[in-house]
Amino acid sequence: MPAHGLIDHAEPIPPAAYWELLMNLTKREVKGRYSQSFFGVAWAIAQPLATMAVFTLVFSRLAKMDSNGAPYPLFAFAALVPWFFFMNSVSSGTLSLITYRNIVTKTYFPREIIPLAQVCSRFIDFFAAAALYVLLMTVYGVGIGVWSLMAPVFFLLLILFTVGLTFATSAMNVFYRDVNPVVQIALQLWLYLTPVAYPLAVVPERFRLFFVMNPLSAIVEGFRSAVVFNRAPDWTLTLISASIIAAVFVSAAIMFKRMDKYFADVI
Amino acid sequence: MPLAIQLDRVTKRYRAGRSRTVVDLIGSNLDRMRGRAQDVHSVTRGRIDATIWALRDVSFDVPEGAGVGVIGRNGAGKTTLLKLISRVTWPTSGRVRVAGRVVSLIELGAGFHPELTGRENVYLGGGLFGLTRRDIDRQFDRIVEFADVARLIDTPMKRYSSGLYARLGFSVAIHANPDIVLVDEVLAVGDAAFRRRALEALRQLMTDGKTVLFISHDMWNVRRLCDQVLWMEEGRVKDYGAAGEIAERYMSEVNVQALANQGTALQSHRGGTGEIRYTGVEIVDTAGRTAVLFAPGDTLVVRASYRADRPVARPVFQVAVIDVDTGLVITTATSRPGDAPDRVDASGTIECRFPRMPLRPRQYILRLGITDSHQLASYDVVSAGPRFAVSGHGAGVEGLADEEDGLVSLPFEFAHHTGDVRVVHQA
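One line per chain: the protein sequences are A and B, in this order. Quick note: the first sequence, position 111, residue 111 per the working numbering, numbers continuous. Quick note: the second sequence, position 242, residue 1242 per the working numbering, numbers continuous.
Hints are computed from structural coordinates only; laboratory data are not their basis. Possibly wrong hints are sitting among the right ones.
Only pairs whose alpha carbons sit at most 16 Å apart, straight line, appear in this in silico EDC-like list of lysine to aspartate or glutamate [unchecked claim]: (1) A:K31 with B:E1120; (2) A:K261 with A:E11; (3) A:K27 with B:E1120; (4) B:K1158 with B:D1191; (5) A:K27 with B:D1008.
The structure displayed is predicted, hence computed values, not measured ones.
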């Protein structure tokens, strides 16, 4: 016997079931990505590591890029780890509802779990690369200071921004498949428009506003101040970005919930 | 009686044709700016003109604990109905209200991942039905036992057969403690033994007060499982009422339409050596009129014309009746003296008469052949001849009850004796 009578909306699922479904879909995603590959999760660190090597060669050795006195590889890697978390999540997240169309069109469950699982599945990559970063710190003789306690704060901002953007792009891509190629190209360019290979300080004043409006600037600079330089982050920049991130997250979540009624019809 | 499902003037419109692109997005935004009302899947200025009305103005109630069969042709809106009730999709207008937890079996094991083991998929699939790990832990052994997959439960599901895949999917769904179960013809997969158990399980759910909506083309199952039938036609409710009566009328209508459209030409690719071949086959009633629909106990005549290209001695004409779903019912042949001429060398017609045919209400297909006198070498084989259907209650066949299963109706009598009776074959 149902506890209540007829209702117009979908029966909500218990929070425990919601959480476990998210974990299971994440597991399915991770297992699908790394099973039957010999190196498995080791591939997760190959991407930032290889990019760090190329950046070191191009920006540090050839272009003599200033890294504020820190070892350049460390300087780049501290930004590449959050960057790839963001890029990979948004990249596969944009396609996620289409990839899972089989269950989207056949069973009801809270649809936001699908893009969320994409982001969650990148945690393992993030932490594997973060562990490697700690190793690199000892190699370069850089110690962990008290400001590293800020790293979780920037990680939280990173997650919120990534989830918000993934909600928006995944939902829009259900309706307009042009969204995916646009997103993929934008991600390629975004890397160079974010202070990953270079410090924000070298950006000329007239481009500064553009960089401030990009929440990833504050995030990568924040990670660096926490774990490379052991100093306080740029609070103004961080607050501006946190506000932008909150606005992006809330509006994307609202948009997603409004559009999800139509997913099964057009997917 | 409280209601489990209520649809009130529900309309569902789909956009047909090509997918929307950014060009359409710009177009519809221009429209919006000019003040034209748009909804999210609206039609923009004729760029996309076709819309499909999957459901139009559908209203019906399903009381709690009812078993409702949903019947109708392909495209009648049956699956859309299930998707609306399960909240996979939402109505364009009207109201869908549901009481309790819905589990939809639109495709068995839709949420499973082939790389994960059966065990992991039980938790994943159960999660999609809103179950927690603890819920599933409690039901796990029953789920595995029902699906009969204990041996393979820790094997990745990509190694499973499709039948096994479906069985585990079904098992997870019915153990998800649903209030309402929606079944969309998923029982077409799997072997007969599993189908029977699945139907039993659905019946048990109904006994436990759960509501079951059951899409099926198999009127036999619909009548056995459901007390009510909802007949959909072109997105509208054509009829809704007592299962037996509506299934009966549906069968008659569908059979007449489907069978009336069958071509009269015989298939062109045929077996046999070809010395003698059928040139036409028709099914007629006692009055000699072409017929496709018979009542149990009617007389059916198969009239086949043939032509021999050269003289053939003692050909044997064969006519077999095949149940479309379950297979051969009977083979007949002109093997007795006088059934057919000793020698044929031109055209002719052979008639096979089934007086007071005791067939059950189902669809049948004829298979015809011409062989040599030993019925070894084939001159001609028509493997898929014309079809006919038996439906309704006929006169002239005794002891025929709706509830009996089987291919044919045999007259039968029971006798009862009190006291010890010697039974010849004892266990």
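Each hint tested on the structure:
1. A:K31 with B:E1120: 11 Å, holds
2. A:K261 with A:E11: Holds, at roughly 14 Å.
3. A:K27 with B:E1120: Between A:K27 and B:E1120 the Cα gap is close to 10 Å, so the pair holds against 16 Å.
4. B:K1158 with B:D1191: 19 Å, violated
5. A:K27 with B:D1008: 41 Å, violated
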